[in-house]
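**Q** Numbering that gives the first Met the number 0 numbers the first residue of the sequence shown as 0 and each following residue consecutively.
Bear in mind the hints are in silico, worked out from the structure with no lab data behind them. Wrong hints could be hidden among the right ones.
What the hints assert, rightly or not - Below are the DSS-like pairs computed for lysine-lysine, each with C-alpha atoms no more than 25 Å apart in a straight line:
{"hint": "1", "residue 1": "Lys304", "residue 2": "Lys259"}
{"hint": "2", "residue 1": "Lys148", "residue 2": "Lys86"}
{"hint": "3", "residue 1": "Lys201", "residue 2": "Lys151"}
{"hint": "4", "residue 1": "Lys85", "residue 2": "Lys206"}
{"hint": "5", "residue 1": "Lys69", "residue 2": "Lys151"}
{"hint": "6", "residue 1": "Lys201", "residue 2": "Lys86"}
{"hint": "7", "residue 1": "Lys137", "residue 2": "Lys148"}
{"hint": "8", "residue 1": "Lys151", "residue 2": "Lys133"}
{"hint": "9", "residue 1": "Lys86", "residue 2": "Lys191"}
{"hint": "10", "residue 1": "Lys151", "residue 2": "Lys96"}
{"hint": "11", "residue 1": "Lys304", "residue 2": "Lys320"}
{"hint": "12", "residue 1": "Lys148", "residue 2": "Lys130"}
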Amino acid sequence: MSTKSTSIDDTNDLLLRSAGAMLDANSSWRAHAAQNLALLSLSVMVLPFTTSLLLLSYAVNLLYTAWPLKLRASIRSPQTPIFHPKKILVTGVGMTKGLALARLFFAAGHEVIGADFEPSLIPTACGHMSKAIKRFYKLTKPGPEGGAKYTKSILDIVVKEDVDLWVSCSGVASAVEDGEAKELIELVTNCKAVQFDVATTKRLHEKHLFMEYTRSIGLPTPESHTITSRAAALQLLIEGGAKGTAKGKKDIGSTEYIMKYVGTDDAVRGDMTLLPLDTPAATKAHIGRLPISEDRPWILQQYIKGPEYCTHSLVVRGEVKAFVACPSAELLMHYSALPS
Numbered sequence: 000m001s002t003k004s005t006s007i008d009d010t011n012d013l014l015l016r017s018a019g020a021m022l023d024a025n026s027s028w029r030a031h032a033a034q035n036l037a038l039l040s041l042s043v044m045v046l047p048f049t050t051s052l053l054l055l056s057y058a059v060n061l062l063y064t065a066w067p068l069k070l071r072a073s074i075r076s077p078q079t080p081i082f083h084p085k086k087i088l089v090t091g092v093g094m095t096k097g098l099a100l101a102r103l104f105f106a107a108g109h110e111v112i113g114a115d116f117e118p119s120l121i122p123t124a125c126g127h128m129s130k131a132i133k134r135f136y137k138l139t140k141p142g143p144e145g146g147a148k149y150t151k152s153i154l155d156i157v158v159k160e161d162v163d164l165w166v167s168c169s170g171v172a173s174a175v176e177d178g179e180a181k182e183l184i185e186l187v188t189n190c191k192a193v194q195f196d197v198a199t200t201k202r203l204h205e206k207h208l209f210m211e212y213t214r215s216i217g218l219p220t221p222e223s224h225t226i227t228s229r230a231a232a233l234q235l236l237i238e239g240g241a242k243g244t245a246k247g248k249k250d251i252g253s254t255e256y257i258m259k260y261v262g263t264d265d266a267v268r269g270d271m272t273l274l275p276l277d278t279p280a281a282t283k284a285h286i287g288r289l290p291i292s293e294d295r296p297w298i299l300q301q302y303i304k305g306p307e308y309c310t311h312s313l314v315v316r317g318e319v320k321a322f323v324a325c326p327s328a329e330l331l332m333h334y335s336a337l338p339s
C-alpha cells in the first residue's frame, strides 16, 4: 500500500511539474530530478542562440562605449575637480541587487571592491567577472560554530583595501552576522556601513520578534503564535486554543493560518499551506513533517488575503533618502513597477 501511495504521489508531482506548478520541499525527488533534467536540456538546446548573443554583445562593446563608462569618464575628468572618489565594498555581488549597485557606484566614478561566497575552484559569482569591480574577494561562510570567521573576512577586506563605505547586499542567511560585522568594522576602522546593527537586524529578520515589535508600536498585526513543539501547533489548530489565553482556550473558528520558520530555510520558505486542513488527520500529518523544536521555533500566523508588496528603503541617520515599492511576486526578482 505504501509503495502504491508513493507512486501516486510521484505521478501527481510530475503532472504538477509539467503543468508549470512550483515544487517545494514536500515534492518527491523524482519530480525535482525531472525538473532539473528539463532545465539542463533546455539550456543545451538554446546554447547556440545564447552563444551568438554573447559574441554579439562583445562586438557591440568594441564599437560603442557603454553609458556607465561615458558617465564615469565625465565625472572623473579634469572638469570636475571637486569630485573625490570613494572606495566602496559591496558584498553580495553574486546577486542582481549587489551587482546593480556595484555598477552604479562604478558609473558614478567610485572604486568598487566586490565580495561574495564562491567555491574555491569555480568562479560562480556574476560580480567576479564584472568590469565595474576592481577586485573580488571570496567570503568565508558562517558555520554552525558561529559567524566569527565570516565577520573577520569582511573586516580583513576593509582594512586591506582601506574601504570608505561598506554596502551590505548579502543574503538573509548571513543577516545577523552582517550586523556583527557592521558593529566591529565601525568600532575599529573609519569605514561606514550601510547595514543595521545586531539588535535591529534580529528585530527585523526573525519573524516572531518582528511581530512583537510591530505590535509594541501600535501597528495592526495578524494573529501570531510562536511554536516550539508540534503538540503546541496541533493544540491551536485542532483543539482551537492554547493555555494562557483569557478563557483557557481561544476559538479560532474559520481563521486560516500558515506555518513559517522564524529564521531562514530555503527548503520550507515556499510552503504556503493553509491550516488547518480539511481533516484533523491531514493537519497532524502536515505538522508532523515540520522540524519544530525549542532550538528551531516556528511561527503560526493568521493568513491575510490580499495583494502583497515589497518595499526597499535607504534611511541615513533617521532620514529617508530613498524609497521604492512594487507588487510582490512568487519568483524572486520578478517585479514590476507600481502604476504612476
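**Q** Each hint needs a verdict: does it hold in this structure or not?
**A** Hints, verified against the model:
1. Lys304 x Lys259: With a Cα-Cα distance of about 16 Å, the restraint between Lys304 and Lys259 holds, given a limit of 25 Å.
2. Lys148 x Lys86: holds, 23 Å
3. Lys201 x Lys151: holds, 20 Å
4. Lys85 x Lys206: Outside the cut-off at roughly 36 Å; violated.
5. Lys69 x Lys151: Since the Cα atoms of Lys69 and Lys151 sit roughly 37 Å apart, the hinted pair is violated (cutoff 25 Å).
6. Lys201 x Lys86: Not satisfied, since the Cα-Cα distance of roughly 29 Å exceeds 25 Å.
7. Lys137 x Lys148: holds, 12 Å
8. Lys151 x Lys133: Roughly 21 Å separates the two Cα atoms, so the pair holds.
9. Lys86 x Lys191: Answer holds: Lys86 to Lys191 is near 11 Å, not above 25 Å.
10. Lys151 x Lys96: Distance of about 24 Å is within 25 Å: holds.
11. Lys304 x Lys320: violated, 31 Å
12. Lys148 x Lys130: violated, 28 Å
In this structure, the earlier hints numbered 4, 5, 6, 11 and 12 are contradicted, and the remaining ones agree with it.
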